[in-house]
Amino acid sequence: MESENNNEMSRTAPMLEAVNLTKRYDDGVLALDNLNLRVFQGRTYAMLGANGAGKTTTINLFLNFIDPTEGEARVAGIASHRDPLLIREKVSYVSENVMLYMNFSAVQNLDFFARLAGKSKGCGRDECREVLRRVGLEDDCHDRKLRTFSKGMRQKCGIAIAVIKGAPAILLDEPTSGLDPKAAFEFMNLLDSLRAEGRAILMSTHDIFRAREIADDIGIMKEGRLVMQRSREELEGENLEKIYLDYMSGLS
Amino acid sequence: MIGIIVKKELYETLGSKKFHISFAVCSVLILLAFYAGIRNHQSNVERYEAAKADNLRKLEGLKEWHEVENYRIFLPPRPLESLVGGVSNDIGRTIVIQRGNELEAEGSRFGDDPVFAVFGFLDLEFIFQIVLTLFAILFAYDSVNGEKERGTLRLTFSNPIPKSSYILGKWTGSFVAVCLPLMIPLLIGCLMPPVLGVVLSGGEWLRLGFVILSGLLLFGAFLAMSITVSVFTKRSSSSFLVLLVIWIFAILIIPRTAVVLAARAVETPSVDELAAKKSSFARQLIMEDREKVDGYRGSGNRDMEVMMQEFQEFMNGIQEERRKKTDEYNARLNEERRNRQIVQEKTAFGLARISPSATFALAAASLARTSLDQKERFLGEAGRYQEAYGRFMLDKTGIASGLRVIRISDGDREDGEVKASIDPGEIPVFDFHEVSTAECVKGSIPDMGLLLVFNLAFFALAYFRFLRYDVR
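Top to bottom, those sequences are chains Y and E. Going by the working numbering, 119 is the number at position 119 of the first sequence; the sequence numbering is gapless. Adding 1000 to a residue's 1-based position in the second sequence gives its number in the working numbering.
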């Protein structure tokens, strides 16, 4: 009975939650203003917005790279600034430009970050290879130094690190920026499969079409505020690009 | 968690081209330093033996002990001197011994072969002080800000890793990654002396071990300093520039400035000034003695032998009195100068110790017995020997020192027998007593301790700053 309640809780409680989240930097700039959003398990949330809208700040707050001025960024119900190490066990992070250790091979990078994530014995060679295959990296590049990888390959490696960590939440900061269409398509497919596994995904992006394609919920941010938030269902039949441009130009 | 970072640093460093090139350069330099040092020592031993033999050869055939002139003693060469030069190449290695003369060490390596003074020798001191400190900077100048620039710091800290573990792992990993491989050429270098026929005593091995340990502490200090600067600066290019300036100050400017400042703070009369004073005093005494000689009246005995005997005794008395006065005066001047020098040296070394490299140089020189103390010790030992030599010569000649009344003969005795040559083997042997190994190590402990403090202080700075570091 208790187990059923827990399962119910995990289905209903958000994995990632911003509650009145506000960040004002020391120089007085208000980067984030009273943000409220929720990302549930098995769902993808895409934050759209121009540069400086507060998307990366939101991700930094969830990772507790910075402390909030007000409000909380919660991961599995825990405020990130209260127990940063614990919340970092529960989130994986993929940046815009995945920069790994260039003198390491893909397998070595995976092993190192798996150990950092808390796997005391790292990932076994077979496990590493399996994950690398899953993210679309062929066998012949598993032992190649990262310095020989293209940006797309590095992004795949980055997502492989997120996969191998096995965290229930994934934060992605402009993950498809600079990727060619094929690589971006593959990347999105991969995210889709992770969502299907039950991970909660929060993604910042400029790419309206990819967001529309993959996200269950879409939020538009402008000058630190979440100005629009709708689910995929609510956006059915609407022109997201027009909505976005209207918000950006101040028409909405 | 620290272990993971250490392992990563090890792999990352050992796999980099930067490491391969610097390791190759350093290995070659270390091996060259050992090889050149040993060959240099062997050549010094040959010179030493040749000079000693020549010193005795000059006495061959002499019939009278009073004919012995310019008898020399020599500072024996030691293997560690060639590996850690210190001031050993500037110290005079021989002293002319005569009763009553002022001791002066002459015949330094740089004095005899000035070409070596131009660029100095390649020794372990040079490698640790110049090469390894530069490598420490090269390996750690971007250890934190470089990771931030490359974006790996963000990814790393998106994992549950405490900042304290990260920075500790960084320092340990960088230190082990460079030092451990360098142990290979150092150990091979240590094998060279026995292979090339130079036997090191247990004490010498121990002192060499401490020299290497001091070098590693110096490397650690520069590594910690580089990490600190890397934490305090945003860009790796800035940290490199800052570290280069610090390096120039630590290696080149601080030690030299310390000496100049100490010289200004504590004025010490020059050797020439001292010599002028001594000479003036000696002239004054000679004038006084001349008056005494002018007023000399013998006992009136007309026997030539008796007259000569009386005059010799009179002269001996004058000489002895003058020698005593001169010795006292010179000793007072020398002591005053030496006391000022000691204060000056202490001031200079104290100021220079702001620099870890100067601290290392002092520790290494103390361990290798190539510090300034060695010169004082040589002069001190020579002084003691001079007394023994003086007693021996007085016993043999009956003449105190200086002027002698010599009766010139054809070398044959009046009874017709040919006089036998003197036996140089009778001259007391100069045995240079070295500072014991325990004293050497004890003397270097404050400097080694200071190097450890540099390590801890720089690391503490990096550590506490990194706890508040913005990893974005």
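Some hints could be false.
[Said to hold, decoys possible] List time: in silico DSSO-like cross-link candidates among lysine-lysine, alpha-carbon distance up to 27 angstroms:
1) E:K1278 / Y:K151
2) Y:K151 / Y:K182
3) Y:K182 / Y:K145
4) Y:K90 / E:K1163
5) E:K1148 / Y:K119
6) E:K1324 / E:K1375
7) E:K1007 / Y:K90
8) Y:K145 / Y:K119
9) E:K1375 / E:K1278
10) E:K1018 / Y:K145
11) E:K1148 / E:K1324
12) E:K1234 / E:K1277
13) E:K1324 / Y:K121
14) Y:K242 / Y:K182
15) E:K1396 / E:K1324
16) E:K1063 / E:K1346
17) Y:K145 / E:K1278
18) Y:K145 / E:K1325
19) E:K1018 / E:K1007
20) E:K1325 / E:K1396
21) E:K1007 / Y:K145
22) Y:K121 / E:K1163
23) Y:K151 / E:K1234
24) E:K1324 / E:K1278
25) E:K1278 / E:K1058
26) Y:K222 / Y:K242
27) Y:K151 / E:K1324
28) E:K1292 / E:K1063
29) Y:K90 / E:K1148
30) Y:K121 / Y:K90
31) E:K1346 / Y:K119
32) Y:K119 / E:K1018
33) E:K1419 / E:K1058
34) E:K1346 / E:K1325
35) E:K1278 / E:K1292
36) Y:K151 / E:K1148
37) E:K1278 / E:K1234
38) E:K1419 / E:K1442
These are calculated hints, taken from the structure and not from any lab test.
Hint check:
no., hint, verdict
1, E:K1278 / Y:K151, "violated, 82 angstroms"
2, Y:K151 / Y:K182, "holds, 13 angstroms"
3, Y:K182 / Y:K145, "holds, 23 angstroms"
4, Y:K90 / E:K1163, "holds, 18 angstroms"
5, E:K1148 / Y:K119, "holds, 24 angstroms"
6, E:K1324 / E:K1375, "holds, 25 angstroms"
7, E:K1007 / Y:K90, "holds, 24 angstroms"
8, Y:K145 / Y:K119, "holds, 23 angstroms"
9, E:K1375 / E:K1278, "holds, 22 angstroms"
10, E:K1018 / Y:K145, "holds, 16 angstroms"
11, E:K1148 / E:K1324, "violated, 75 angstroms"
12, E:K1234 / E:K1277, "violated, 61 angstroms"
13, E:K1324 / Y:K121, "violated, 82 angstroms"
14, Y:K242 / Y:K182, "holds, 25 angstroms"
15, E:K1396 / E:K1324, "holds, 21 angstroms"
16, E:K1063 / E:K1346, "violated, 50 angstroms"
17, Y:K145 / E:K1278, "violated, 75 angstroms"
18, Y:K145 / E:K1325, "violated, 82 angstroms"
19, E:K1018 / E:K1007, "holds, 18 angstroms"
20, E:K1325 / E:K1396, "holds, 24 angstroms"
21, E:K1007 / Y:K145, "holds, 17 angstroms"
22, Y:K121 / E:K1163, "holds, 21 angstroms"
23, Y:K151 / E:K1234, "holds, 25 angstroms"
24, E:K1324 / E:K1278, "holds, 13 angstroms"
25, E:K1278 / E:K1058, "violated, 30 angstroms"
26, Y:K222 / Y:K242, "holds, 15 angstroms"
27, Y:K151 / E:K1324, "violated, 89 angstroms"
28, E:K1292 / E:K1063, "violated, 32 angstroms"
29, Y:K90 / E:K1148, "holds, 23 angstroms"
30, Y:K121 / Y:K90, "holds, 19 angstroms"
31, E:K1346 / Y:K119, "violated, 56 angstroms"
32, Y:K119 / E:K1018, "violated, 31 angstroms"
33, E:K1419 / E:K1058, "holds, 18 angstroms"
34, E:K1346 / E:K1325, "violated, 31 angstroms"
35, E:K1278 / E:K1292, "holds, 21 angstroms"
36, Y:K151 / E:K1148, "holds, 18 angstroms"
37, E:K1278 / E:K1234, "violated, 62 angstroms"
38, E:K1419 / E:K1442, "violated, 54 angstroms"
In summary, the structure is inconsistent with hints 1, 11, 12, 13, 16, 17, 18, 25, 27, 28, 31, 32, 34, 37 and 38 from the numbered list given earlier, while agreeing with the others.
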